[in-house]
Amino acid sequence: MPSIRNLFILVVLLVSCQKEKTKVEVDPYSGFKTTYTLNPKDQTTYQGPYTKVDSSGVLLEKGVYEAGQLQGIRELYFPDGKVKVREHYSKGQMTDLYEYFFPNGQLQLQGDYVDGAMYGVWRKYNEAGKLLEEVMMVQNEEMGPFTEYYPDGTLQTQGTYLHGPNEDGILNLYDESGTLYKTMLCDSGKCVTTWQKK
Numbered sequence: 137m138p139s140i141r142n143l144f145i146l147v148v149l150l151v152s153c154q155k156e157k158t159k160v161e162v163d164p165y166s167g168f169k170t171t172y173t174l175n176p177k178d179q180t181t182y183q184g185p186y187t188k189v190d191s192s193g194v195l196l197e198k199g200v201y202e203a204g205q206l207q208g209i210r211e212l213y214f215p216d217g218k219v220k221v222r223e224h225y226s227k228g229q230m231t232d233l234y235e236y237f238f239p240n241g242q243l244q245l246q247g248d249y250v251d252g253a254m255y256g257v258w259r260k261y262n263e264a265g266k267l268l269e270e271v272m273m274v275q276n277e278e279m280g281p282f283t284e285y286y287p288d289g290t291l292q293t294q295g296t297y298l299h300g301p302n303e304d305g306i307l308n309l310y311d312e313s314g315t316l317y318k319t320m321l322c323d324s325g326k327c328v329t330t331w332q333k334k
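Per the numbering used here, residue 137 is the first one in the sequence shown, and the count goes up by one each step.
Treat the hints as calculated values from the structure; they're not laboratory data.
Fair warning: there could be bad hints in the mix.
In silico DSS-like pairs for lysine-lysine, Cα to Cα no more than 30 Å straight-line [stated by the list, open to error]:
#1 Lys220 / Lys188
#2 Lys157 / Lys198
#3 Lys169 / Lys159
#4 Lys198 / Lys260
#5 Lys188 / Lys157
#6 Lys218 / Lys260
#7 Lys169 / Lys227
#8 Lys188 / Lys177
#9 Lys318 / Lys260
#10 Lys220 / Lys169
#11 Lys169 / Lys157
#12 Lys159 / Lys188
#13 Lys266 / Lys318
#14 Lys218 / Lys188
#15 Lys326 / Lys260
#16 Lys159 / Lys260
#17 Lys220 / Lys177
#18 Lys177 / Lys198
#19 Lys266 / Lys333
#20 Lys157 / Lys227
#21 Lys227 / Lys188
#22 Lys177 / Lys218
#23 Lys266 / Lys227
#24 Lys227 / Lys260
#25 Lys220 / Lys198
#26 Lys318 / Lys333
Every value quoted in this text rests on a predicted model; they were computed, and no experiment measured them.
All chains should be built: construct the whole structure from the sequences, respecting the hints.
Below, the structure is given as structure tokens:
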């Protein structure tokens, strides 16, 4: 019958064998250092948190790997520590909410990913927080309604995109007061004026 001392030694050995191992990569040009956590079983597959720091040790990026693929939230940082980019991953593919920020912390770009591709309404803002553009995305292409705004938030343009930034259908243009001044009819990016304010 094994003694308690022998069981304790066995448990300590098992735990120490499963201790996390890390791999460090240093970029020879920038001096940036990336530290990965490795799977304790094979000691080669990325498994767990990773970080990237600059040559002075300032955090630039962090995330988590699961079975060698990015999983969960990945963040990139400005040198002052504020979040620059926040992404979500599932099994190595971008998914859900994507956010890109200005250095002042204000949101610059926001939208969703589905299976690694941009889908749904994407929004772009200026540094003051005013909405500049809303556009429907399908499989990484502009596809559907879009709206653009002047820097003060006043409506500038409304239309529809087809297979990228190609206006299609009715395109309405507004002056800086928000008054409609021109309507165009577009076909795959080629537009002709159908009405203009006099």
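Can you give the numbers of the hints that this structure goes against, from lowest to highest? 16, 17, 22 and 23
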